[in-house]
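Chains as they are written, first to last, in the numbering used here: chain X, 1 to 469; chain B, 1 to 324.
FYI, nobody ran anything at the bench for these hints, they're computed from the structure. Treat the hints with caution; some may be incorrect.
[Unchecked claim] Derived DSSO-like pairs: lysine-lysine, alpha-carbon spacing no greater than 30 angstroms straight-line: (1) B:K153 with B:K300; (2) B:K55 with X:K43; (3) B:K98 with X:K277; (4) X:K277 with B:K55; (5) B:K55 with X:K287; (6) B:K55 with X:K272.
[To be verified] Footprint (simulated), chain B over chain X, 3 or more residues, beta carbon under 8 angstroms: (7) 51-57; (8) 106-113.
[What the hints assert, rightly or not] Partial selection, computed: residues in chain B whose CB lies under 10 angstroms from chain X: (9) L32; (10) L163; (11) K180; (12) D199; (13) K251.
As the structure is a computational prediction, the values presented were derived from the model and not from experiment. Where a beta carbon is used, it is the ideal one built from N, C-alpha and C, also for glycine.
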Amino acid sequence: MDDKIITFVGLLRQNGVRVSFAESMDTFRALDLVGLGTRLAVKDVMRATLVKRAVDVPTYNQLFDLYFSGVGDIVKGAEQRSMDALDLDPADYQQLLEDLAKFLAEQGIETSDLTEALLKQDSARLERLLREAANRSNVQRIERSFQEGQFSQGMQQSMGVGDVARELQQISDALGAGEPDPRRQQMGRFVDRRLQELQEMIRRLVRGELEQRDVGQRDAARMQQLAEKSFYYLSEDEIRRMKEAVTKLALRLKNVLAVKRRTARKGKFDVKDTLRKNLQYGGVPFKIRFDHRKRIKPQVVVLCDVSDSVRNVSRFMLQFVYSLQDLYSKVRSFIFVSDIGEITRLFEESEIHQAIDQAIRGNVINVYAHSDFGKAFRMFHRDHLAAITRHTTVIILGDARNNYNLPHEWVLKEIKQRAKQLIWLNPENRMTWGFGDSEMDRYLPYCDVVEECRNLNQLYRVVDRLVIG
Amino acid sequence: MSKSFASIEDVIERFAGQHYICNRTIATVVYLASHLRKPILVEGPAGVGKTELAKVLAGALGHELIRLQCYEGLDESKALYEWEYAKQLLYTQILKDKIGEVIAGAPGLKEAVERVASQDDVFFSERFIVPRPLLRAITSPEPLVLLIDEIDKADTEFEAFLLEVLSDFQVSVPELGTIKAKHIPLVVLTSNNAREMSDALKRRCLHLYIDFPEKEQERAIILLKVPGVAERLADEVVAAVQAIRKLDLKKAPSISETLDWTRALTLLNVDTLDSTTVDDTLSVILKYEGDIRKAQQELKDHVAKARAKAAAPTTAEPEKDVLH
Numbered sequence: 001m002d003d004k005i006i007t008f009v010g011l012l013r014q015n016g017v018r019v020s021f022a023e024s025m026d027t028f029r030a031l032d033l034v035g036l037g038t039r040l041a042v043k044d045v046m047r048a049t050l051v052k053r054a055v056d057v058p059t060y061n062q063l064f065d066l067y068f069s070g071v072g073d074i075v076k077g078a079e080q081r082s083m084d085a086l087d088l089d090p091a092d093y094q095q096l097l098e099d100l101a102k103f104l105a106e107q108g109i110e111t112s113d114l115t116e117a118l119l120k121q122d123s124a125r126l127e128r129l130l131r132e133a134a135n136r137s138n139v140q141r142i143e144r145s146f147q148e149g150q151f152s153q154g155m156q157q158s159m160g161v162g163d164v165a166r167e168l169q170q171i172s173d174a175l176g177a178g179e180p181d182p183r184r185q186q187m188g189r190f191v192d193r194r195l196q197e198l199q200e201m202i203r204r205l206v207r208g209e210l211e212q213r214d215v216g217q218r219d220a221a222r223m224q225q226l227a228e229k230s231f232y233y234l235s236e237d238e239i240r241r242m243k244e245a246v247t248k249l250a251l252r253l254k255n256v257l258a259v260k261r262r263t264a265r266k267g268k269f270d271v272k273d274t275l276r277k278n279l280q281y282g283g284v285p286f287k288i289r290f291d292h293r294k295r296i297k298p299q300v301v302v303l304c305d306v307s308d309s310v311r312n313v314s315r316f317m318l319q320f321v322y323s324l325q326d327l328y329s330k331v332r333s334f335i336f337v338s339d340i341g342e343i344t345r346l347f348e349e350s351e352i353h354q355a356i357d358q359a360i361r362g363n364v365i366n367v368y369a370h371s372d373f374g375k376a377f378r379m380f381h382r383d384h385l386a387a388i389t390r391h392t393t394v395i396i397l398g399d400a401r402n403n404y405n406l407p408h409e410w411v412l413k414e415i416k417q418r419a420k421q422l423i424w425l426n427p428e429n430r431m432t433w434g435f436g437d438s439e440m441d442r443y444l445p446y447c448d449v450v451e452e453c454r455n456l457n458q459l460y461r462v463v464d465r466l467v468i469g
Numbered sequence: 001m002s003k004s005f006a007s008i009e010d011v012i013e014r015f016a017g018q019h020y021i022c023n024r025t026i027a028t029v030v031y032l033a034s035h036l037r038k039p040i041l042v043e044g045p046a047g048v049g050k051t052e053l054a055k056v057l058a059g060a061l062g063h064e065l066i067r068l069q070c071y072e073g074l075d076e077s078k079a080l081y082e083w084e085y086a087k088q089l090l091y092t093q094i095l096k097d098k099i100g101e102v103i104a105g106a107p108g109l110k111e112a113v114e115r116v117a118s119q120d121d122v123f124f125s126e127r128f129i130v131p132r133p134l135l136r137a138i139t140s141p142e143p144l145v146l147l148i149d150e151i152d153k154a155d156t157e158f159e160a161f162l163l164e165v166l167s168d169f170q171v172s173v174p175e176l177g178t179i180k181a182k183h184i185p186l187v188v189l190t191s192n193n194a195r196e197m198s199d200a201l202k203r204r205c206l207h208l209y210i211d212f213p214e215k216e217q218e219r220a221i222i223l224l225k226v227p228g229v230a231e232r233l234a235d236e237v238v239a240a241v242q243a244i245r246k247l248d249l250k251k252a253p254s255i256s257e258t259l260d261w262t263r264a265l266t267l268l269n270v271d272t273l274d275s276t277t278v279d280d281t282l283s284v285i286l287k288y289e290g291d292i293r294k295a296q297q298e299l300k301d302h303v304a305k306a307r308a309k310a311a312a313p314t315t316a317e318p319e320k321d322v323l324h
């Protein structure tokens with residue numbers, strides 16, 4: 001059992017669950033205490049000692065079931081199938097097994113270990129033989145589904161299925177010899193059946209082993225790909241996953257910021273205040289005072305292009321802005337296509353997905369117009385320029401495809417003069433900036449930071465910068 | 001009562017004696033913790049009885065419960081100990097004459113300082129220390145349960161400090177030396193997962209995740225905690241709450257809120273849920289306007305269906321699964 005647990009711990013690690021050496025020691029001590037009585041108790045004990053993150057629990061449950069009941073369940077399943085196939089209830093089935101054993105003894109047929117286990121339905125021995133064979137043929141090395149056949153083959157050879165087949169054939173022949181007898185025919189059918197079951201058991205065992213490898217890895221690999229995939233080409237399911245990822249990113253940032261703010265809170269030693277506060281102790285400095293300078297939280301103004309061409313990106317950007325609202329003292333969000341509209345209120349009052357849906361469905365501005373950055377900027381200048389102070393970070397998200405309208409880049413110049421920094425995120429490939437109706441080259445000189453922001457990893461980088469800046 | 005738990009069943013039984021219904025998973029972890037002397041880290045949504053678990057544990061073992069509530073900015077002086085400066089100062093003032101005696105006849109300043117220095121232990125002794133929860137837990141002559149509540153609210157530095165305490169149950173006060181625990185307390189840490197705890201802390205703890213209870217369990221809890229509730233009402237409340245939890249809400253109703261709701265309904269002499277009572281009282285379990293609106297819609301369908309079923313003669317007994 002010890003070996004089994006150690007292997008299981010290894011398996012957990014392989015599947016991305018972090019388990020330390022100390023924790024696996026705990027498991028052994030805990031199992032000593034509780035005993036290996038019931039499966040459920042063992043499962044609870046190992047879960048409490050090995051799995052410490054809620055996200056890992058599903059992986060653990062799946063693996064535990066696969067690993068600890070794998071072979072046993074397979075053997076039991078095979079027994080059930082045999083019974084069903086012969087249409088017998090357990091008592092009759094037992095009788096059949098005994099009759100068959102008697103017959104073999106009468107005939108003086110010698111059988112190999114495996115054949116005997118099969119015909120006597122000796123589950124424990126069968127389980128052991130299957131496990132041993134699995135170890136010998138290194139089934140645990142299986143990685144891809146196309147290897148299933150190869151490893152099944154290997155196990156069959158290692159167990160000597162060929163010999164078993166010959167032996168079973170002999171017995172079957174012996175049963176068929178002489179005058180036809182219904183009982184013997186039934187036994188014959190059973191013997192034939194067992195060979196199929198053996199092959200089926202091997203197949204299932206290999207499949208189970210493959211699934212164990214796969215549980216966590218599959219997810220991790222997929223997430224990795226997702227981070228690099230451009231926002232333009234996401235499927236429905238990927239959008240859902242991406243939403244989760246963005247939320248997590250926001251949460252991580254909140255933590256980072258919170259820690260930073262806390263360390264910043266411990267100010268410098270304040271002589272004046274210390275003296276004043278300690279007058280009550282006769283000027284003996286019992287209480288040391290520190291200078292708590294106010295740290296100004298950055299203010300953010302977001303201008304988000306929601307025209308068709310950048311719809312997907314805007315979605316994530318808006319989601320992100322929404323999640324970060326409470327990080328900054330003030331976030332004002334605007335969306336534009338050719339007109340500009342403020343959605344700050346909408347974001348404050350509605351639930352996140354609803355708010356984003358309303359924003360990009362055209363409840364605020366006409367989203368089916370042709371993009372006109374120049375006009376939108378001019379409107380912003382006219383109505384909302386006061387929103388920008390020297391603490392403001394302005395983020396513009398758009399592809400700068402202006403349909404050959406006037407670019408009005410002077411607005412950006414003024415914004416830059418007033419704001420702390422101006423960041424432009426462009427979801428287009430850097431190579432295409434300035435070609436066709438892209439006015440990126442005109443806008444570029446007025447921005448402090450210009451970033452390509454086409455996938456999650458790039459968004460990560462931008463955000464890191466935002467928080468530090 | 002102060003004997004430690006004999007078996008997992010014993011845990012369940014003794015907890016039931018404290019009016020706490022727990023499932024086997026919880027009991028297993030508690031049993032392990034009490035025997036391995038390891039802290040339990042309890043995670044789960046708000047209001048599933050994480051804090052209650054510690055209280056009940058203390059009750060079941062007959063131990064005292066010491067509680068350390070964590071919050072942002074909590075530091076060692078609030079959690080471990082603090083010197084009572086004012087008292088020290090007061091004593092020096094009162095004892096001025098005595099100090100005068102001690103240094104009387106000293107030939108020089110240096111000699112006087114030496115003499116005072118030889119006495120300064122007096123002022124840094126246990127008399128002038130204010131023990132905070134952690135130090136109290138460590139110095140206690142009796143075994144006890146230490147509850148560190150909402151550890152996720154505390155700062156990471158405090159977590160690191162806590163790690164030290166939890167690993168050897170000793171603290172060093174520079175002026176007094178190292179104080180070692182007489183009994184290793186049973187520690188329960190709770191977290192609402194506002195942030196992920198560090199791996200180092202998790203490694204030292206047994207991990208327990210308490211989720212919202214299953215239908216049967218929640219019903220049992222209501223019947224236990226709200227005496228005199230009609231069984232039928234309990235069924236309906238549980239069915240409704242379980243359905244509400246499945247919705248996408250800002251804050252799902254917790255067990256304590258379910259209990260509040262049941263109590264409120266009992267107080268209003270309601271014996272079966274209908275849409276008006278639900279509309280009127282929903283604010284007991286849901287705390288956001290948007291959530292209430294969503295739940296009202298869901299429950300309207302639910303009540304209508306339940307009524308249709310109750311009206312049909314074949315299924316007079318209200319099914320618990322009508323919601324889905």
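Practice task
Could you tell me which of the hints above the structure violates, numbers in ascending order?
Solution key: 1, 4, 5, 6, 8, 10, 11 and 13
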